[in-house]
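Based on these hints, arrange chains R, X and B on the given structure of chain U.
4 protein chains.
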Amino acid sequence: MSFQNPVFIPGPTNMPEALRKACDMPTIDHRSPLFGQILHPAREGVRKILKSDSAEIFIFPSTGTGGWETALTNTLSAGDKVLAARNGMFSHRWIDMCQRHGLKVEVVETPWGEGLPADRYEEILTADTGHEIKVVLATHNETATGVKSDIAAVRRALDAAGHPALLFVDGVSSIASMDFRFDEWGVDVAVTGSQKGFMLPAGLAIVGFSAKAMQATGTGTLPRTFFDVHDMAKGYANNAYPYTPAVGLLNGLNDACAMLLGEGLDNVFARHHRIAEGVRAAVRAWGLDLCARSPEVYSDTVSAIRTPEGFNATDIVTLAAEKYGVAYGTGLGEVAGKVFRIGHLGSLTDVMALSGIATAEMVMADLGLDIQLGSGVAAAQDVYRSPQPTHSRAAA
Amino acid sequence: MSFQNPVFIPGPTNMPEALRKACDMPTIDHRSPLFGQILHPAREGVRKILKSDSAEIFIFPSTGTGGWETALTNTLSAGDKVLAARNGMFSHRWIDMCQRHGLKVEVVETPWGEGLPADRYEEILTADTGHEIKVVLATHNETATGVKSDIAAVRRALDAAGHPALLFVDGVSSIASMDFRFDEWGVDVAVTGSQKGFMLPAGLAIVGFSAKAMQATGTGTLPRTFFDVHDMAKGYANNAYPYTPAVGLLNGLNDACAMLLGEGLDNVFARHHRIAEGVRAAVRAWGLDLCARSPEVYSDTVSAIRTPEGFNATDIVTLAAEKYGVAYGTGLGEVAGKVFRIGHLGSLTDVMALSGIATAEMVMADLGLDIQLGSGVAAAQDVYRSPQPTHSRAAA
Amino acid sequence: MSFQNPVFIPGPTNMPEALRKACDMPTIDHRSPLFGQILHPAREGVRKILKSDSAEIFIFPSTGTGGWETALTNTLSAGDKVLAARNGMFSHRWIDMCQRHGLKVEVVETPWGEGLPADRYEEILTADTGHEIKVVLATHNETATGVKSDIAAVRRALDAAGHPALLFVDGVSSIASMDFRFDEWGVDVAVTGSQKGFMLPAGLAIVGFSAKAMQATGTGTLPRTFFDVHDMAKGYANNAYPYTPAVGLLNGLNDACAMLLGEGLDNVFARHHRIAEGVRAAVRAWGLDLCARSPEVYSDTVSAIRTPEGFNATDIVTLAAEKYGVAYGTGLGEVAGKVFRIGHLGSLTDVMALSGIATAEMVMADLGLDIQLGSGVAAAQDVYRSPQPTHSRAAA
Amino acid sequence: MSFQNPVFIPGPTNMPEALRKACDMPTIDHRSPLFGQILHPAREGVRKILKSDSAEIFIFPSTGTGGWETALTNTLSAGDKVLAARNGMFSHRWIDMCQRHGLKVEVVETPWGEGLPADRYEEILTADTGHEIKVVLATHNETATGVKSDIAAVRRALDAAGHPALLFVDGVSSIASMDFRFDEWGVDVAVTGSQKGFMLPAGLAIVGFSAKAMQATGTGTLPRTFFDVHDMAKGYANNAYPYTPAVGLLNGLNDACAMLLGEGLDNVFARHHRIAEGVRAAVRAWGLDLCARSPEVYSDTVSAIRTPEGFNATDIVTLAAEKYGVAYGTGLGEVAGKVFRIGHLGSLTDVMALSGIATAEMVMADLGLDIQLGSGVAAAQDVYRSPQPTHSRAAA
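Chains as they are written, first to last, in the working numbering: chain U, 900 to 1295; chain R, 900 to 1295; chain X, 900 to 1295; chain B, 900 to 1295.
If you are wondering where the hints come from, they were derived from the structure by calculation, not from laboratory data.
All of these numbers come straight from a predicted model, not from anything done at the bench.
Be aware that a few hints might be false.
In silico negatives: residues of chain X with every beta carbon more than 10 angstroms from chain B [stated by the list, open to error]: (1) S961; (2) L1121; (3) P1122.
Covered by chain U, per the in silico footprint, the following chain R stretches (three or more residues, Cβ under 8 angstroms) [unchecked claim]: (4) 925-933; (5) 991-1000; (6) 1099-1111; (7) 1119-1133; (8) 1144-1157.
Glycine is no exception: its CB is placed at the ideal position from the N, C-alpha and C atoms.
Chain U with its partners taken away, still in its complex shape (with noise of 0.2 angstroms):
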């Protein structure tokens, strides 16, 4: 098993060194008082990186799909109406989710590449005077498409059409490692996981609630147990879980927490940014199209690149691994064949970054695509040698 060369999949990402070692951690004793020296602070962590002051945190032994479980089945009743906009394979899972649990799913077909329709859902919204439905799905981050999404946007169509309903967001491969407003964009449930900008490996469902999601969970009849957030809330006033707790991987959120607000988070989305830039630098240089359509939707965390009609893009991700021990992420569902991903999140650096770019490029010119080695690397080149303030360079 090779483990020399950084991984280039949408997460779970690269680890920093320091977060392995605290995720590593030797049998305590999770009912005693240490335990909640580790839960509290992670939950205080995770709650600032949401810019958020009064959100809910409750972390589970599970992974951002039990977050969305989490999200639905302690606030929704069977037959319930919930709103959504399919544009990638993640908010297709989202949506039969919802579907299996016996909700109404309203779909909005959205084209893969695009963001969220934002317009579409104030019409939805503003056309339901009955206030039937309950909830409105919203993917941040796309990591099918490498499509972000504009949840302010989303909030203000609630607005606009004074509608009730909730805001549930999918964070899972945005937050931690681009902006991210609870509190400002009025999100009712923020669900993320740790295998992403918290650079951890995967294991952690966690969830954001507000007040309003908390009072809902009155109503909701969704049978839940293991997912049951009251259950959590009594166990984490106590110090304590409501069954054995992943203490390692919490001591890693925990962490992850103060190495991600100790670098700044301004910092954090910034060193996304510039390498995201880079990267989308190499595709131009390489004469390739992203998935997502414009620039106001490009991800600062993975980027779906399209390849040329008739070539079959996973094949690009099948010959990294074999010859050169590198991995990219496929494409999924509509774009399966059309793209293939780079994942550029977590624990990354330029030049990192850059042998993921060159590995490509080799790549791409073995299976016989017209393309010019160095190329990509040389755009990318120019992005990273541009002034970068030191401390935003890297995460332990």
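Frame of chain U; chains R, X and B shown alone:
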């Protein structure tokens, strides 16, 4: 944070060095073939430890509680009837989960300290001529009371009644430490976690489904997505997960199975029995009683020790942690304050057990109990000095 | 390879989790400023632990034996005269090293089990009116016999004789575990290693030179390159080494000093004393004697325990390893077969010590010695139950 | 402290994950049989990597410099004559060590950038009819200049002259990365360290002695104790050391040998050659020259790159560290400020090498050198795209 002393909670257990290192794994692409080389052997290892030829093994990034929910939501529908005995905190919690998922539970109240009443089960099942009972729940080892139940007897009760109900067994604190015979006992769903007999951090729900249980997944209508075994099975067929797996923990699980099977399951069980016998000899030397009422229900993974009337057993746990840095388990539920628990499962040696016994003596003496220092240690030493096969002594 | 039980050899000691992680460091450029940020604080930490304001601290990628060689080769010339007492294996070896480097050693043969004979030193130094003796060697703690010597008394002997010889002290198994006063005792060279009181892996020779010793480096003509303190000093002035440093170990040393100073040296010494008192109480309860002849020379880091005439003490060490997986020290040299040694230094708790005492009891009983099981444990428990400041209990 | 980017210093190298874990070992009793199970296979592995059937392998807790001292002090006496060429900083330092140990060194001054002058050696040896020269020193790979010398030619010179001098080879930066033939070349002492081809932390001096060199240890009278090979051999015969060994590093060495031999030495050497060829292609593309004067002396482990007249090459190293967090080597001694060095040995992949090349381009451009961005990367990509056996690509 001091990690010097072993822990004596009934899980998570002390972790072998090699397993900590196996879990502390750099990021790999969980959609690469490499992942399959971890996943499938881990599942196969679990199957062998369950002593099953054909159980379908599913591993979720969750905990044993998530395993219970997996068992229920994949096979049952709201309103279905379940038979269960309540003889401790963990059987109580599983019953509670059933009720919260809209199942009707026929509860056999059983004194805490006693095993499952197989004869009562037989009467009830025999009376259930309409076969309304869909599932019989059985807690193999009640972690709260240190009581082991006879699952073979429960199977015999089902067979004697000619009843087709499924048999779901909670083996969280027994599997991989005490003998468990999935096929021989006709178990339909077995549930465990990573943090007990497998000696890993918490974070994995591990379940085995019989063919009959898999069939039931076709009719169960309880909503489920995160814990859906069909999604999981579909993922496995592609060396993948329906979401992001906890790769490091799976790698650890794979190595844990190899370690246990390498030691030999009989040796593993004998080792747990011998260590437990030492602890029980100490308890007798102290003049105290176990919560478990008779030797045939003594658990080899945890001993719940009754303290004298009027004494708060939880004080032992508190003082041991504060003064000596040693963790024991408190009493839960009905036996809160009446027992303290010494966990003796997972990665443990005779020598480590002696330090747990010696510390308990000091604490009890400190708290004014009439305990002769060294008495329990001497009794345990007698047990541990008996000849033993070298290879059964220790996990690495 | 099983790593479950603590070790009870007199070094290398058990290692705190945090120090293992500090040593396990990725590669850095040892010629970068970052290295200076590890090196200088580590040297400063050592200086504080030596209780010196001005000692020059040198740290070689070597062991304590290399530290001895550093002391000799930097200050002396072939034919120079040295005064030393032989009261155990380690003083014997240092004498041997002197002789092999062409030094003339006036050896004061001293019974093994006794401390350095300061009065004999005084007589000899007084008689040496020509000041032929250039250096007095003193082993602070004889690891072979568990004997601590009075270095202040040796200093008084030098002063009473008005003798200008340098005072070289082997503090390998005392420094950072027992009180050591470089400045107050007028020590000229102190020698230690990383693997005892500093709780690190072996691999560093740590030495302190007084101004007077530094002056002597100008005249000593013994050949030296690897251990040359001038090369080292020149390197340090440039944040560097004359060759490749052991960066991870230095990082560990830096953290070890911080950990010890954070606990407080007095607390560290009191902790070692208390644990040693427990071991000694056990020895008395067993009816056995220490090799150390009187309480004032009892070592707080290692106890050498005499076994009855006709019994091979080494059998204890062998059986403990084979049957129980526990490591003690054998007798060395003159006391081979006559003593076994329990190391009780470094990262150790009362609780760990009890497991070492309990195991020794089992082994001695197994080998037919008339030892009452539990007797030593009970005696030690009495010691360990006495009130103690929380903060002095454990290194992390 | 950021550890994200690979290092490109010519050692210590990047470390494979598996070797870091092998070194990070809990304390064991270094006098137990377990230690022998680490020590002897490690020595045997080193012997195989030296391509020797019978060399005595000694491993000291020290560094390559200590290995040099071991070679000299065990075989020579003050006043003995040694023949050596000075063609870089490391040959210079070995000469200096000889002189400081009272040896007479006949120095052949050789231009930095050239290999050892075997013909001059032959002339001198032929002229030395009295066989005053006891030892010929040869630096296999001059780390300062990136120059590999022809050791077989030095052997031929000795043979042609019919001269009985011993042949001592510094293989610190060649062994385990480039072909080394102890037996075939008639090497008498080979010296290396743990932190280069063995991909471990610094801390071990590794030496091989021929039978003839072992014989010379009987007559050499230079003082030695720490580095005495007889003490060491005596220890090894008892599975032990004459002092405390660096157990974790030895465990790592054992695993490193297994890893290298598992990959196959020819594959290891081919991998180093291919990566080096990529770096050299980049240097040509930049329009720069190597310090090494001709292809037959190009080192496969380090390239020293000359920068234009008037430019301070050290600025590259400084800016790379400060702005991009990447470490290269500076020029040393005669070529200080004239070259910078890219280390390409040990645990390295093509992909990692590309990031080192890309960063060097950025830095040189930042400093105003006329370097076309992407040019060196493209040249190296051409090399790295060539077909290669999968198994030779990477150490784990």
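For each hint, the structure was consulted:
Not every beta carbon of chain B lies more than 10 angstroms from that of S961/X, the smallest distance being close to 6 angstroms; the non-interface claim is violated. Not every CB of chain B lies more than 10 angstroms from the CB of L1121/X, the least distance being 7 angstroms, so the non-interface label is violated. Listed as outside the interface, P1122/X is inconsistent with that label: its C-beta sits roughly 4 angstroms from the nearest C-beta of chain B, within the 10 angstroms cut-off. As drawn, the region 925-933 of chain R meets chain U at 8 residues by the rule of a beta-carbon pair under 8 angstroms; at three or more, the given contact holds.
For the region 991-1000 of chain R, the stated coverage by chain U holds: 4 residues have a C-beta nearer than 8 angstroms to a C-beta of that chain, and at least 3 were required. With 3 residues carrying a beta carbon less than 8 angstroms from a beta carbon of chain U, the region 1099-1111 of chain R meets the three-residue requirement, and the given coverage holds. For the region 1119-1133 of chain R, the stated coverage by chain U is satisfied: 7 residues place a CB nearer than 8 angstroms to a CB of that chain, which reaches the threshold of 3. For the region 1144-1157 of chain R, the stated coverage by chain U is satisfied: 5 residues place a CB nearer than 8 angstroms to a CB of that chain, which reaches the threshold of 3.
Violated hints, in rising order: 1, 2, 3; the structure is consistent with all others.
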